[in-house]
Amino acid sequence: MKSPLVIEPLFHIGPVPITQPVVATWVIMAALTLFSILLTRRLALRPGTVQAATEMVTGAVDSQITDVMQADPAPYRALIGTIFLFILISNWSSLLPGVEPATAHIETDAALALIVFVAIIWYGIRSQGLGGYLRSFAEPSWIMIPLNIVEQITRTFSLIVRLFGNVMSGVFVIGIILSLAGLLVPIPLMALDMLTGAVQAYIFAILATVFIGAAVNGEGGGENPAGAAPQPPTDPDQESKA
Amino acid sequence: MTIDWWTLGLQTVNLLVLLWLLGRFLFRPLAAIVAERRAAAAKLLDEAQAERTAAQQAKAQIETERKAIADERAARLDAVAQEAESRRAAILKDAQAQVDRMREEAKASAQQAHKDEERRIGHRAQMLAGDIAARLLERLPEMPATDSFLPGFEQALAGLPASTRAALGEEGEQPVLLSAQPLDDAGKAACLAAIERATGHRLAPDFRTDPVLIAGLRLETPHAVVANSFRTDIDRILAGFERQDREGAA
Chain A
1 MKSPLVIEPL
11 FHIGPVPITQ
21 PVVATWVIMA
31 ALTLFSILLT
41 RRLALRPGTV
51 QAATEMVTGA
61 VDSQITDVMQ
71 ADPAPYRALI
81 GTIFLFILIS
91 NWSSLLPGVE
101 PATAHIETDA
111 ALALIVFVAI
121 IWYGIRSQGL
131 GGYLRSFAEP
141 SWIMIPLNIV
151 EQITRTFSLI
161 VRLFGNVMSG
171 VFVIGIILSL
181 AGLLVPIPLM
191 ALDMLTGAVQ
201 AYIFAILATV
211 FIGAAVNGEG
221 GGENPAGAAP
231 QPPTDPDQES
241 KA
Chain B
1001 MTIDWWTLGL
1011 QTVNLLVLLW
1021 LLGRFLFRPL
1031 AAIVAERRAA
1041 AAKLLDEAQA
1051 ERTAAQQAKA
1061 QIETERKAIA
1071 DERAARLDAV
1081 AQEAESRRAA
1091 ILKDAQAQVD
1101 RMREEAKASA
1111 QQAHKDEERR
1121 IGHRAQMLAG
1131 DIAARLLERL
1141 PEMPATDSFL
1151 PGFEQALAGL
1161 PASTRAALGE
1171 EGEQPVLLSA
1181 QPLDDAGKAA
1191 CLAAIERATG
1201 HRLAPDFRTD
1211 PVLIAGLRLE
1221 TPHAVVANSF
1231 RTDIDRILAG
1241 FERQDREGAA
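In order, the protein sequences belong to chains A and B. Position 75 (the first sequence) corresponds to 75 in our numbering; numbering is contiguous. Heads up, our numbering is the position in the second sequence plus 1000, with the first residue counted as 1.
Pulled out of the complex, with its shape left as it was, chain A reads as follows (with noise of 0.2 Å):
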């Protein structure tokens, strides 16, 4: 029996394998471009169904950056955006038949989370400069260095496993309860699905969030102190599969 995390490649590209997350990733980026062309064609003051929903989604993100960071969202929008916008569609496109999410790989929650993991770096460098980044793990005393680089590493993997056990673990039970129970039994779980993938977005999306602004404001590797920004879930797994 074939594991279900190993994935095979669907062709190749010269000497690179083209596996099924890819395919669905570039599937989505056209939606999404097209989407955003065909949006932003007819922009208008008096914004329509469509536009007032996605300036919605937008202010949401807006809020939630301000709220966390206390800073000026438009920096950090499209990144935060980019991300949380990414998860949901991929995490809800395990509704279609025969789709498989690719946050349902490791592959590419672990290529979300080394792009929240360079843009930590890079947005804390860019506001505090190099050497006070680099101070700013020494925090509160040069005694947690240590603990704070590796903080910094392993608060990335937990990016990275939180999304990959959640949404892999939905498309388990689905597909197993599908082989047990026939077709309208599993409409629950696939409802609780999207619930988890929405919750699953928002999570990923915050904790980049708070982790950038931790950054920004100087607080180096640890989690951001309280009433500078609201603290995100505490347990964000049991809360996803409750």
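No wet-lab data here; the hints were simulated from the structure. Each residue gets a CB set at the ideal place from its N, CA and C atoms; glycine is no exception. Please note: incorrect hints may appear among the correct ones.
What the hints assert, rightly or not - If you anchor each label on the Cβ, the simulated ranges turn out as follows:
{"hint": "1", "chain 1": "A", "residue 1": "Ile125", "chain 2": "B", "residue 2": "Ala1040", "range": "36 to 46 Å"}
{"hint": "2", "chain 1": "A", "residue 1": "Leu96", "chain 2": "B", "residue 2": "Leu1016", "range": "24 to 34 Å"}
{"hint": "3", "chain 1": "A", "residue 1": "Ala52", "chain 2": "B", "residue 2": "Val1017", "range": "20 to 30 Å"}
{"hint": "4", "chain 1": "B", "residue 1": "Trp1020", "chain 2": "A", "residue 2": "Leu96", "range": "22 to 32 Å"}
{"hint": "5", "chain 1": "A", "residue 1": "Leu180", "chain 2": "B", "residue 2": "Leu1016", "range": "33 to 43 Å"}
{"hint": "6", "chain 1": "B", "residue 1": "Ala1040", "chain 2": "A", "residue 2": "Trp142", "range": "50 to 60 Å"}
{"hint": "7", "chain 1": "A", "residue 1": "Leu180", "chain 2": "B", "residue 2": "Val1017", "range": "52 to 62 Å"}
What the hints assert, rightly or not - Chain B regions said to be covered by chain A (calculated; three or more residues, Cβ under 8 Å):
{"hint": "8", "region": "1024-1031"}
{"hint": "9", "region": "1034-1043"}
Chain A is fixed; fit chain B onto it per the hints.
Then chain B, alone, in the frame of chain A:
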């Protein structure tokens, strides 16, 4: 569990490309249109605020003009009231003057009427006194005209102007000699002699009787009347009274 590093690399690149695409084609235009809408809303709010301010200023100006109109109206009403009061006072003054003048005129008229009445009563009393005197004299015994009145008659006749005396009895007109009682022949002769002495020529008068004379003689010609009688005396006295009344009234 294994990781496909090619997939990891491709997904990383894919996500970076998607990040650029959405930033370029979605988030930036949306942010621009939201900013534009906010600017338009701010502009509308500013315009509304400006219009509200203008409306408030216009309202304040209208209030000021309304107050000015009310003040002007009150001032005009006061002026009209003062003018009406002055006119009323003038009318009252004129009416009072007119009433005073009418009162004075009525008073003068009443006084004049009183004087006229007094004069009329006085005249009537005089006439009554004359009649009383005449009636009383009628009770006296008949007095011969020639004895008592002829000398005075002759003297009055002589007092006429010479031309008048010369014209008596001429131009064919016959004088009339009146007496209270009929004259006898001696009396007529005495009268003719007295006339001749006074005028220097003889007349042939027509002797008539008039009891109104009471006593005395009266010669009437077209140019002169000469009389010496009680009636003449009474008339002269009454005329004197009337002259005195007129002089007193004047």
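Against the structure, the hints:
no. : hint                             : result
1   : A:Ile125 x B:Ala1040: 36 to 46 Å : 38 Å, holds
2   : A:Leu96 x B:Leu1016: 24 to 34 Å  : 25 Å, holds
3   : A:Ala52 x B:Val1017: 20 to 30 Å  : 28 Å, holds
4   : B:Trp1020 x A:Leu96: 22 to 32 Å  : 26 Å, holds
5   : A:Leu180 x B:Leu1016: 33 to 43 Å : 41 Å, holds
6   : B:Ala1040 x A:Trp142: 50 to 60 Å : 54 Å, holds
7   : A:Leu180 x B:Val1017: 52 to 62 Å : 40 Å, violated
8   : 1024-1031                        : holds (count 7)
9   : 1034-1043                        : holds (count 4)
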